[in-house]
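Please model the entire structure based on the sequences and the hints provided.
Those letters in the sequence shown? Residues 0 to 238, by numbering that gives the first Met the number 0.
Simulated from the structure, these hints should not be mistaken for lab results.
Careful: at least some of the hints might be erroneous.
As the list claims (entries may be wrong) - Quick list of the computed label-pair ranges, beta carbon to beta carbon:
1) 33 with 208: 13 to 23 Å
2) 148 with 70: 17 to 27 Å
3) 200 with 51: 21 to 31 Å
We put the beta carbon where it would ideally sit given N, CA and C, even for glycine.
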Amino acid sequence: MPFITKTGFRAFGAVVAAYGVYQSTQTCTSMLEKYPPHTPPPTSHLWVPNKRDTSRPTYVPPGSPVTYYARVPASLFPQPFSLEEARKLWADAVLHGRLISLEARLAGWINGAKEEVEMKPGAKLVGGVLEVVQPPSSTSQLTTRWANPEGGIKFFETVARYGYPWRLMEGGRHDMPVERDRDDVLVGFSSAHDYAVLDGDNKVLPRWTEWAHCMFARFILDDGVKELQRRAEANAKEH
Numbered sequence: 000m001p002f003i004t005k006t007g008f009r010a011f012g013a014v015v016a017a018y019g020v021y022q023s024t025q026t027c028t029s030m031l032e033k034y035p036p037h038t039p040p041p042t043s044h045l046w047v048p049n050k051r052d053t054s055r056p057t058y059v060p061p062g063s064p065v066t067y068y069a070r071v072p073a074s075l076f077p078q079p080f081s082l083e084e085a086r087k088l089w090a091d092a093v094l095h096g097r098l099i100s101l102e103a104r105l106a107g108w109i110n111g112a113k114e115e116v117e118m119k120p121g122a123k124l125v126g127g128v129l130e131v132v133q134p135p136s137s138t139s140q141l142t143t144r145w146a147n148p149e150g151g152i153k154f155f156e157t158v159a160r161y162g163y164p165w166r167l168m169e170g171g172r173h174d175m176p177v178e179r180d181r182d183d184v185l186v187g188f189s190s191a192h193d194y195a196v197l198d199g200d201n202k203v204l205p206r207w208t209e210w211a212h213c214m215f216a217r218f219i220l221d222d223g224v225k226e227l228q229r230r231a232e233a234n235a236k237e238h
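Written as structure tokens, this is what we have:
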């Protein structure tokens, strides 16, 4: 291949890569501005670790519990507006958005788990990754929990004792709050991580990984909003 042609292909590849990085940066910047983080109140269940095992105490790091909100028109929900129905619809929209649906198919294939339709306590969702703690109702939003495999946790505990600077979380929680705000509705997605108290080292995931988790939560929220909009548009066409 002539030198000029090779150089041209390399230059074209560099331009495409640079454009991809630029677009990704712009998208992430937009998400950061669109969905700022909100710290749950101290009374929130997000501050309470999944495990209550005194032989292996766990804690929630100060910066871990976070909620992201989107403001949507109440017209996206069935009228007259019902908070219970809105919570059910929002939870279903998040769980059946494109991102979570893809994760559910992948996790289901790996775990061999079947998706449970009813959101009842103990039900397994997202390919067996999430377990329902509290279903959506008139008094509460959908609350779920998850846990990392013990093998991975133990491995990172071992290497952390030998100087590795990070550890893997035990598990965590997600919930999907819904609040009425005049003519609008605030829909959200929350996340919290639990870590074992070991040697008092306070080692957690590296910051860039936590940042990626938070950014993914924003994308899940955005995807849920788009799913709500798709359903509302489809319903309007039918009627």
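Cross-check of the supplied hints:
no.	hint	verdict
1	33 with 208: 13 to 23 Å	holds, 22 Å
2	148 with 70: 17 to 27 Å	violated, 37 Å
3	200 with 51: 21 to 31 Å	holds, 22 Å
When the structure is compared with the earlier hints, a violation turns up for hint 2 alone.
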